[in-house]
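Protein chains: 2
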Amino acid sequence: MRIFVCGMGVVGRAVCELLASRGPELRSRYGVPLTLAGVSDSRAIVLAGSDSAELDPLAVVAAKQAGKLGTMEGAMPAALPPRELAGRCQTLGIDVFVDCSPTDLKAAAVPTERMLAMLALRIGVVSVNKGPLATAMPALLEAARYNQVQLRFSGTVGGGTPVLATGSTLNRGETVTAIRGIVNGTTNFILWKMATERWAFDVALAEAQKLGYAETDPTADVDGWDAAAKVVILANAVLGIRATVQQVSVTGIRGVTPERIASAAAAGKVVKLIAGASAAGLTVAPQEVDAAGPLNTSGSLNAVEFTLSSGAVVAITGRGAGGVETASAVLRDLIDIGTMR
Amino acid sequence: MRIFVCGMGVVGRAVCELLASRGPELRSRYGVPLTLAGVSDSRAIVLAGSDSAELDPLAVVAAKQAGKLGTMEGAMPAALPPRELAGRCQTLGIDVFVDCSPTDLKAAAVPTERMLAMLALRIGVVSVNKGPLATAMPALLEAARYNQVQLRFSGTVGGGTPVLATGSTLNRGETVTAIRGIVNGTTNFILWKMATERWAFDVALAEAQKLGYAETDPTADVDGWDAAAKVVILANAVLGIRATVQQVSVTGIRGVTPERIASAAAAGKVVKLIAGASAAGLTVAPQEVDAAGPLNTSGSLNAVEFTLSSGAVVAITGRGAGGVETASAVLRDLIDIGTMR
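Just so you know, the protein sequences line up as chains A and B, in that order. For the first sequence, the working numbering assigns the number 264 to the initial residue and increments by one for each residue that follows. For the second sequence, the working numbering assigns the number 264 to the initial residue and increments by one for each residue that follows.
A couple of the hints might just be wrong.
All copies of an identical chain are treated as equivalent in the list; a pair is satisfied when it fits inside any one copy or across any two copies.
Below, a list of computed lysine-lysine pairs in the DSBU-like style, where the Cα atoms sit at most 35 Å apart [claimed, not checked]:
id, residue 1, residue 2
1, Lys-331, Lys-532
2, Lys-331, Lys-456
3, Lys-473, Lys-456
4, Lys-532, Lys-473
5, Lys-473, Lys-331
6, Lys-532, Lys-456
7, Lys-369, Lys-456
8, Lys-473, Lys-369
9, Lys-369, Lys-331
By construction, these hints were calculated from the structure, which means they are not laboratory data.
Isolated chain A, as found in the complex (with noise of 0.2 Å):
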C-alpha cells in the first residue's frame, strides 16, 4: 500500500518512523506492506521518482529535522493546487493520502478541497487534521461512500485510546444513541489543578502552558472548539448524526471559578468540560459530573461514555494525545484499510 504523508509536524515525523521501525512486522502480521512514497510539509511536496520508487521514511525525517526538506531529491514548492497533488498521487500509484497537517477549524477549507480531491480520484484518506472533518463531515462521508473509498480518522479523538474503533464495535451489537465524555487533555489540565490545588483558571492556565499542554494561544482549548469538532467527528461518525461545527453548542472554561467548583466538591461532583451528543443535540460545556463515576479521571486523561439503547454505559479512558499514541492511530487506519483490500 503506497502513502502520501502531508504535514512535518510531530505526528507527520512519528508516522514516518513508525512506518520505519514496525513495517516489516505489520507485513508480516497482516500482510500489508505499508510503502511511503510521498510527503509535504508547509512550503515543500517531495514525491518518488516512479509508481514503483519509494521514499525512506528515516531519511525524509532527517531532512525536516535539518530543515532541508524542499532540497531532497522530487521536491517542489507546496504551492501545487489540490487536484493537481491528487493528480500526481494518482499517477504515483498512491493508495491512501494520510493528512497529519495541522488543524486550524478557521483555515479548513484548503485541506478540505485536498481530501476531496483526493476522494474523487479513489485515493483513500486518513486524517488527523480535525479541520476539514469538523467544517464539512458530511460532505466527506458522502464522497467517500460515493467513491467507494476509505475515509478514517480514528487519530481525531482520543489520540491513541480508541474511542471512536469502541462507538462503532458497540454499534455493531447494539445501537449507541448517546456519547458523552471529556476529549480535550488542556482543559481536563486545568480543571483538575483548580479542584485539587484550589487555583483560579488563570493560575492553572499559565501551568498547563509551562507543562506544555496548552499553546501559547490557548483559544481553541480553553473556549471548547477542540472538543467541539470531536463532538462533530463522534456525533458523525458513531450516531450517524450529520452534523458541523456550527451546530454545536459550546461554551469553554473561562467562566468557572473556584467557587463552583468546592460546591461541587461539596455534593460529591467534579466540574469537567463535557462534550455530549445525542438526538437531542451537540454541546460542549462545563458540568457538574459525579467524583465516582468513570468521567472524574486526573490529569489530561480523556474519558468518553458511550450509552446504548439497553441502556447500558460503557466507558473507555486512555491518553488523548501525544505523538506517538496519534501517529499508533494512523498506523491502526492504514492497517484496516490494507486488511479490508
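We have chain A already, so just place chain B on it with the hints.
Below, chain B alone, put in the same frame as chain A:
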C-alpha cells in the same frame, strides 16, 4: 449466513430474539442475512428440514419456554456424537455454530470436542461458553487457523462491553504488553458491599445471591475460577500467550477480611479481585488498587486496563454480564464473520 444456536438458556434465547428483532436491520446495514437453521438444549436438537429451510427464532423461544423444544418438527434427542452433529450441520449448509451452553470448567471436554468437530468441517464457531476456551484455547485457535475458519468469543469477557475488541484494536496500532482488570461482576459486587457497607464476606455473599448476582453454588465466582477462565481468554487473544487455566495462579476472595478492606481504605486504596496477564504470568488474586483509578468500579461493573508498549494505559469499563448484552456480543461476532466472508 446460516446459524446453529447450541444452548437455550438466557443467552441462547436472547440470541434468537435478537435474530428476530434486529435481523432485517443488520441485513440492510451490513449486508449479512442471519438465518437460524438449528438449535439445541441439553435434551433436544432441532434442525431445519433442508439446506434452504430455516427455523423461526421466536417459535423456538416459545417452544423452549413451554418446555416443548423436543416436540418441534425436526427435533431429535441431544445425544448425537459431536462429529455426527457437525456432519449434519454441514449438510444443512450451516456456516456458524454458536455455543451458548453453560460454562463448566470441570465438564469442558464435550463442548470442546463439539467445537473442534465444527472447525474441522470449516464451520465457524462463536462461543460464549468459557469452558472450552479456558481449558483448550491454544488447540482451538490452532484448529481455526489450520482450517482457515473463524473462531470468535467476544461475549466471554465483559459481556456487552467490548473488552476483547478493544485489545485487538490497540494491538493494530501498538502492542499490548499487559492486561489487568476486574472481569467478574459478582466478586466486585461483594467486595464493593464489604467496603461501602462494612459487611462481612458472608453477609455480602448472601446479598449477592438474593439479588441474583451469585449462583447458589458461588464457587466459580468467589474462588476466582470465572476470572481465571477470562484471563486465559484475554492472554491468548490479546497477548498471544498460549496458556490454559491450569497455568493461572488463582486466589479467590473468601479470605478477604473487613480489616484488610479498612486498612486499604485508610491508604486511599480499595481491595478488588484483579485478573492479570503479562509475559510474567497469569494471576487472579485480591489486590489493593488506587481508589481514584479506573479499576475502582462500583457494583458489578467490569473494568480492564491495557498497558501498551509505549507505556500508555487504556481502560474500558461497563456492565460485564446480562443475557441481552452477551447476546449482543454474539451478534457482533456473527456480523464480523459475515462481513469478512
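### Query
Which holds for Lys-473 with Lys-369 at a C-alpha limit of 35 Å: within a copy, between copies, both or neither?
This pair counts as within: shortest intra-copy Cα distance 26 Å, inter-copy 59 Å.
### Task
Measure nothing new, just compare the shortest in-copy and cross-copy C-alpha distances for Lys-369 and Lys-331 to 35 Å and report within, between, both or neither.
So Lys-369 and Lys-331 pass the 35 Å test inside one copy only (29 Å; across, 66 Å).
### Intra/inter-copy verdict for Lys-532 and Lys-473 if alpha-carbon distance must be at most 35 Å
Both ways: Lys-532 and Lys-473 sit 28 Å apart in one copy and 31 Å across, limit 35 Å.
### Message
At most 35 Å between CA atoms: does that hold for Lys-532 and Lys-456 within a copy, between copies, both, or neither?
### Response
both (15 Å within a copy, 22 Å between copies)
### Query
Quick one: Lys-473 to Lys-456, C-alpha cut-off 35 Å, is that within a copy, between copies, both, or neither?
within (13 Å within a copy, 43 Å between copies)
### Message
Regarding Lys-331 and Lys-532, is the shortest C-alpha distance of 35 Å or less found within a copy, between copies, in both, or in neither?
### Response
neither (52 Å within a copy, 53 Å between copies)
### Task
Classify it for me, Lys-369 with Lys-456: is the Cα-Cα distance of at most 35 Å met within a copy, between copies, both or neither?
Within. Shortest intra-copy distance 30 Å satisfies the 35 Å Cα cut-off; inter-copy 52 Å does not.
### Message
Checking an output row: Lys-331 and Lys-456, CA cutoff 35 Å. Within, between, both or neither?
### Response
The answer is neither: 41 Å in one copy and 63 Å across copies each exceed 35 Å.
### Task
Have a look at Lys-473 and Lys-331 and pick one of within, between, both or neither, based on CA distance no larger than 35 Å.
Intra 30 Å, inter 71 Å, cutoff 35 Å: intra-copy only.
Checked against the numbered hints given earlier, this structure breaks hints 1, 2; the rest are met.
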